[in-house]
Amino acid sequence: MHKKATISTFMLLAILSVLIISFSLILGRYSISIKDLWLFIQSCFNADIKVQPQIKTILIDIRLPRIIAAFLVGGTLSITGATYQGMFRNPMVSPSILGVSSGAGFGAALAILLALSPFMMQTLSFAFGIGAVIAVYAISLVTGKKHEKCLTLILSGMIVATVFAALISMLKYVADPNDTLPSIVYWLMGGLSDIEMPDLFFIAIVSIVGLILLSISGWKLDMLSFGDEEARTMGIHVERFRFLVISIATLMTASAVSISGIIGWVGLVIPHISRMLTGSKNAVLLPTSFFIGGIFLLIVDDFSRTVVSMEIPLGITTSLIGAPFFIFILIKSSNKH
Amino acid sequence: MISILFICVGLNLSAKTITDMAGRSIDIPDNIERILPYDVKTSILLFSVAYDKMVAKSLLPGSKQLMLISDKYNKMVEVDMKNIESVLASNPQIIIAGAYNSDNNYEYFEKIQKRTHIPVVIIDLSIDRLDKTYAFLGTLIGNKKQCSERALFLQNIYNNTKKLITKNSTNQANVYYTLGLSGLLTDPSGSKHTEVLDYLKLNNVAKVLIPTGGHANVNMEQIFIWNPDYIFAAGYKGDKNAYTTILSSNKWKTISAVKKKNVYKVPSKPFGWFDHPPSINRIPGILWLSQLFYKNSKDETRKQIIEFYKLFYKYKLTEKEYKLLFE
Chain A
176 MHKKATISTF MLLAILSVLI ISFSLILGRY SISIKDLWLF IQSCFNADIK VQPQIKTILI
236 DIRLPRIIAA FLVGGTLSIT GATYQGMFRN PMVSPSILGV SSGAGFGAAL AILLALSPFM
296 MQTLSFAFGI GAVIAVYAIS LVTGKKHEKC LTLILSGMIV ATVFAALISM LKYVADPNDT
356 LPSIVYWLMG GLSDIEMPDL FFIAIVSIVG LILLSISGWK LDMLSFGDEE ARTMGIHVER
416 FRFLVISIAT LMTASAVSIS GIIGWVGLVI PHISRMLTGS KNAVLLPTSF FIGGIFLLIV
476 DDFSRTVVSM EIPLGITTSL IGAPFFIFIL IKSSNKH
Chain B
1045 MISILFICVG LNLSAKTITD MAGRSIDIPD NIERILPYDV KTSILLFSVA YDKMVAKSLL
1105 PGSKQLMLIS DKYNKMVEVD MKNIESVLAS NPQIIIAGAY NSDNNYEYFE KIQKRTHIPV
1165 VIIDLSIDRL DKTYAFLGTL IGNKKQCSER ALFLQNIYNN TKKLITKNST NQANVYYTLG
1225 LSGLLTDPSG SKHTEVLDYL KLNNVAKVLI PTGGHANVNM EQIFIWNPDY IFAAGYKGDK
1285 NAYTTILSSN KWKTISAVKK KNVYKVPSKP FGWFDHPPSI NRIPGILWLS QLFYKNSKDE
1345 TRKQIIEFYK LFYKYKLTEK EYKLLFE
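Going down the list, the protein sequences come from chains A and B. To get my numbering, take the position in the first sequence, counting from 1, and add 175. To get my numbering, take the position in the second sequence, counting from 1, and add 1044.
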């Protein structure tokens, strides 16, 4: 891809993001017109203009944090998915391949069972997400002396994910079926309905720093995709680099999952869609994935919160909207070639 | 194992045929001394009239010691209905299973009956028919006096409530019921879990498209639209729960119920007053709501609820404990 084309792609994505974010602000169960939104924006600069307090609550306390969260979570899951797909040289890999989602799910379920506060729930979820990946890395170091490194990592990920899945089932089994169990089940299906502004600081910092770090080391990932030996001959310290990438990606995914619950599909498919648009050069692919993932999850979440009076869990809508969309993209791209 | 099976089959031989509350005819032994309740909701209902005949109560996941109920209930052994061998080992003559008159699929019960060779008698747990259920139990298990006393108590409450509702039929309050932590998990209208609201003809604002019969997650904007006048929060544990979330969060402060200070915790000891599980424990809920919405006097409500705890939980509720129920 030429430099010019890359720049115009990014411009397009940025404009699209802003448009969809603004559109999402006027979308919701409670009807707020463009005029209301305009009045509200004016009222921020001009104290004489008054708007209903409820409109302010809805825009600032309810919709805005949720829109930002959807964008950041979608972006984070997609960029980490793209990173892992490159690093493991495997198109079937998703950000949860190293057990981060299962660990985070266990942490959240435990917090719900112990009736801890929402803050503690996010903290436990984040901590167990990280813990799971540390366990995976440790297992792969012990078991993987003579095996292929990537393979042992993936297998260790499967082991740890299975253990945490069993532990989650156990917590569900002992949970009070009246209120604790449904809370756990809803959390595991993913959703952003009770996001508040303070929940976003951490993920905002982690995801933006991660976006920059991963994007600038994109060329190293490109080298890695030729194989460990080739990367070594290019002067890359493969082990250290892989450890760094896993650390960054894990921090990003854990911070996303801890506020959103488990959302599948995005991290697996958005990288493919992005690759069809921009090619597989990681320095371009990774930021593109971030933006497309953000836009995608934002649109999906708009559906989740507006279609019917009850929330549709994001885990459901991402797949139901994402699957036909992916088929469409596949057809389009195969016609092109 | 086999010998137990033979005993069970043997017991069935000296039988009479009855029709249970679901209209099924079944053969049961003449003198019933060993009863196993099918689940927790049936256990609670049976406890007051048949605790000396219950071989076990049903397993309630996640619960520890229950408060404000006779120790006899806490000390009773538990049997998990999923474990057929422990069901057989407890050696009951009959299994009593609660269902609702809206149910019409009794396949589960038939299956248990077939596998264990123990007759399963179905009783009705519908909120408006519990008096009939106790009358039925009287003839089934023979504790006629105790059963009819409870049937009468319930009948009085039903009649009284009906009168209060017709007298104050202008009540148009919108009610929102929530459980869990965020305040956004609700049991929609028409669900078994909110039958207390339906019985009292209160308008449950949560009308959702998909009639799951269970829980539903809603979002804050939807609650703005519904703008309920009353909010009831159940299942509060720990320091943070829907009740504290609703009262402390900025988002909720413009909701009518919060402005008018009409946010209530649903008492939960020993069992929830609205559901958890949907059984006899909903009767205090009816009494409490008729005080809140239909002008039943405070004294009368308190008297009836204390009487309920005495009759059904075999627990003498003090005035202090009564007050604590609401805090």
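Treat each hint with caution, since some may be false.
[Unchecked claim] In silico DMTMM-like links for lysine to aspartate or glutamate, alpha-carbon gap of 20 Å or less:
| no. | chain 1 | residue 1 | chain 2 | residue 2 |
| --- | --- | --- | --- | --- |
| 1 | B | Lys-1313 | B | Glu-1371 |
| 2 | B | Lys-1309 | B | Glu-1363 |
| 3 | B | Lys-1126 | B | Glu-1151 |
| 4 | B | Lys-1158 | B | Asp-1124 |
| 5 | B | Lys-1297 | A | Asp-223 |
| 6 | A | Lys-231 | A | Glu-371 |
| 7 | B | Lys-1313 | A | Asp-351 |
| 8 | B | Lys-1360 | B | Glu-1344 |
| 9 | A | Lys-321 | A | Asp-223 |
| 10 | B | Lys-1119 | B | Asp-1083 |
| 11 | B | Lys-1116 | B | Asp-1083 |
| 12 | B | Lys-1339 | B | Asp-1242 |
| 13 | A | Lys-347 | B | Glu-1077 |
| 14 | B | Lys-1303 | A | Asp-236 |
| 15 | A | Lys-456 | A | Asp-397 |
| 16 | A | Lys-347 | B | Asp-1115 |
| 17 | B | Lys-1251 | B | Asp-1273 |
| 18 | B | Lys-1126 | A | Asp-351 |
| 19 | B | Lys-1236 | A | Asp-223 |
| 20 | B | Lys-1245 | B | Asp-1172 |
| 21 | A | Lys-324 | A | Glu-414 |
| 22 | B | Lys-1309 | A | Glu-414 |
| 23 | B | Lys-1297 | A | Glu-371 |
| 24 | B | Lys-1211 | B | Glu-1193 |
| 25 | A | Lys-210 | A | Asp-223 |
| 26 | B | Lys-1189 | B | Asp-1175 |
| 27 | B | Lys-1116 | B | Glu-1151 |
[To be verified] Selected chain A positions facing chain B (in silico; Cβ < 8 Å):
| no. | residue |
| --- | --- |
| 28 | Gly-203 |
| 29 | Lys-225 |
| 30 | Pro-228 |
| 31 | Thr-232 |
| 32 | Ile-233 |
| 33 | Ala-313 |
| 34 | Val-349 |
| 35 | Asp-351 |
| 36 | Pro-352 |
| 37 | Gly-366 |
| 38 | Val-483 |
| 39 | Ser-484 |
The set of hints was computed from the structure by calculation and includes no laboratory data. Beta carbons are placed, not taken as given, at the ideal position from N, Cα and C, and that holds for glycine.
Next item on the list: Compare the structure with the hints numbered earlier in the document and write down the numbers of the violated ones, lowest to highest.
Entry: 5, 9, 13, 16, 19, 22, 24, 27, 29 and 33
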